[in-house]
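Build the full structure now, drawing on both the sequences and the hints.
In terms of our numbering, the sequence shown is residues 8 to 398.
Take the hints with a grain of salt, since some may be wrong.
Listed next, the in silico EDC-like pairs over lysine to aspartate or glutamate satisfying Cα-Cα at most 20 Å (straight line) [as the list claims (entries may be wrong)]:
1) Lys291 to Glu246
2) Lys381 to Asp368
3) Lys170 to Glu192
Keep in mind the hints are simulated off the structure, nothing from the lab.
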Amino acid sequence: MENQIQAFVLISSVTLALFVLIGVYLIIRLKLNDILLKRSEGKLKNFNETLQYMVAEKTEELQRSEKKFRNLYELNKEVLENSPAGIIKLNRKHEIEFVNQESSLLLSSENGVTNPHGQLISRIPQFNRAGWASLFNQLKKGNEIEGEEAFSKSSNKAIVKIKGVPIFEENIYSGAVLLLNDNTESILAEEKLKRSFAMLQKATEDIIQAMSYTSEIRDPYTAGHQKKVCELAVAIGEEMGVTDEQLQGVKFAAMIHDIGKISVPSDILSKPGKIGKTEFEVVKGHSQTGYDLLNKINFPWPISDIVHQHHEKIDGSGYPNGLTENDILLEARIISVADTVEAMTSHRPYRPALGIERAIDEIITNKGKHYDGKAVDACIAIFDNGFKFSK
8 MENQIQAFVL
18 ISSVTLALFV
28 LIGVYLIIRL
38 KLNDILLKRS
48 EGKLKNFNET
58 LQYMVAEKTE
68 ELQRSEKKFR
78 NLYELNKEVL
88 ENSPAGIIKL
98 NRKHEIEFVN
108 QESSLLLSSE
118 NGVTNPHGQL
128 ISRIPQFNRA
138 GWASLFNQLK
148 KGNEIEGEEA
158 FSKSSNKAIV
168 KIKGVPIFEE
178 NIYSGAVLLL
188 NDNTESILAE
198 EKLKRSFAML
208 QKATEDIIQA
218 MSYTSEIRDP
228 YTAGHQKKVC
238 ELAVAIGEEM
248 GVTDEQLQGV
258 KFAAMIHDIG
268 KISVPSDILS
278 KPGKIGKTEF
288 EVVKGHSQTG
298 YDLLNKINFP
308 WPISDIVHQH
318 HEKIDGSGYP
328 NGLTENDILL
338 EARIISVADT
348 VEAMTSHRPY
358 RPALGIERAI
368 DEIITNKGKH
378 YDGKAVDACI
388 AIFDNGFKFS
398 K
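Shown next, in the form of structure tokens:
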């Protein structure tokens, strides 16, 4: 019995001690949690303060960016509004979203459109003409477009050049911008320049024709020779595809290529028999004389050099300087072929006309030796196509 009591007391003591330990543990745990909670609250507070600072800083930065963007937008709007070029912004349906002062002036002057916003661009008469529908479809495909239309502007007609640029957002067509440039002054200036150039060219041609006539007065047997050489040389040049500038040089040089013969005595030019060696040397001097006369005139083309070289040969056997192919102007090579063919088909004081067949045989035989190969081929081609000298 006594042992049982002792055992009970021992168990009770152990149990009590265990409860005491558990209580102490719980108290310590609570204290520890309280400490951790306070630390967490401190960290959270610091984090919140940091977050608030960052948000405030980003907000201020965003406000600054927004202000810059607004200022930039206003500046761009001002630039667009006052641009000397007309600007029209279209949405994806091609309704007008924006027009600046210049484009508004063009639209209102022509069509009485005071508020084009929201209107389909195709309802504007200038953009309702044939061709614009297909051009606007090109915009939707991502292609830039160009056109030209006449508008009324301040009671005057304005020729307006129009360029369209498509706009895509994330690869989806969202509209286009049309740029309208009043091109009237440039067109009028260009037309005036063309008229002035045409007048200058006509005056140049008249002067050259007068010079040609003067040279032919002294040599009645070759009257019309330079004119016919000019016809054939121009036809050869066209067949060869030379530039317009070169063709003009060929034309004017051919018209006066023998002008140097004014220095050759008439009795030599009209001598019925074959001329002697000394007389031939005098005749040969006409190329140099022609150059000396023309070199003092500032033509837009190398007329004096062409005249100087029209008796030079590809192989260097010509005169006056014995030039070879690469040193002879193309215009002179063309005139050389035309001069030979025309001379052989015409009557001369010392022989009758030899005919076109003999002339063609001559240039074929000496192709690449005396005469430019391409010029010879072109000459043959135009005669095969029915070329005839004028009468």
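Hints, verified against the model:
no.: 1; hint: Lys291 to Glu246; result: violated (30 Å)
no.: 2; hint: Lys381 to Asp368; result: holds (15 Å)
no.: 3; hint: Lys170 to Glu192; result: holds (18 Å)
Hint 1 from the earlier list is the only one contradicted by this structure; the remaining hints agree with it.
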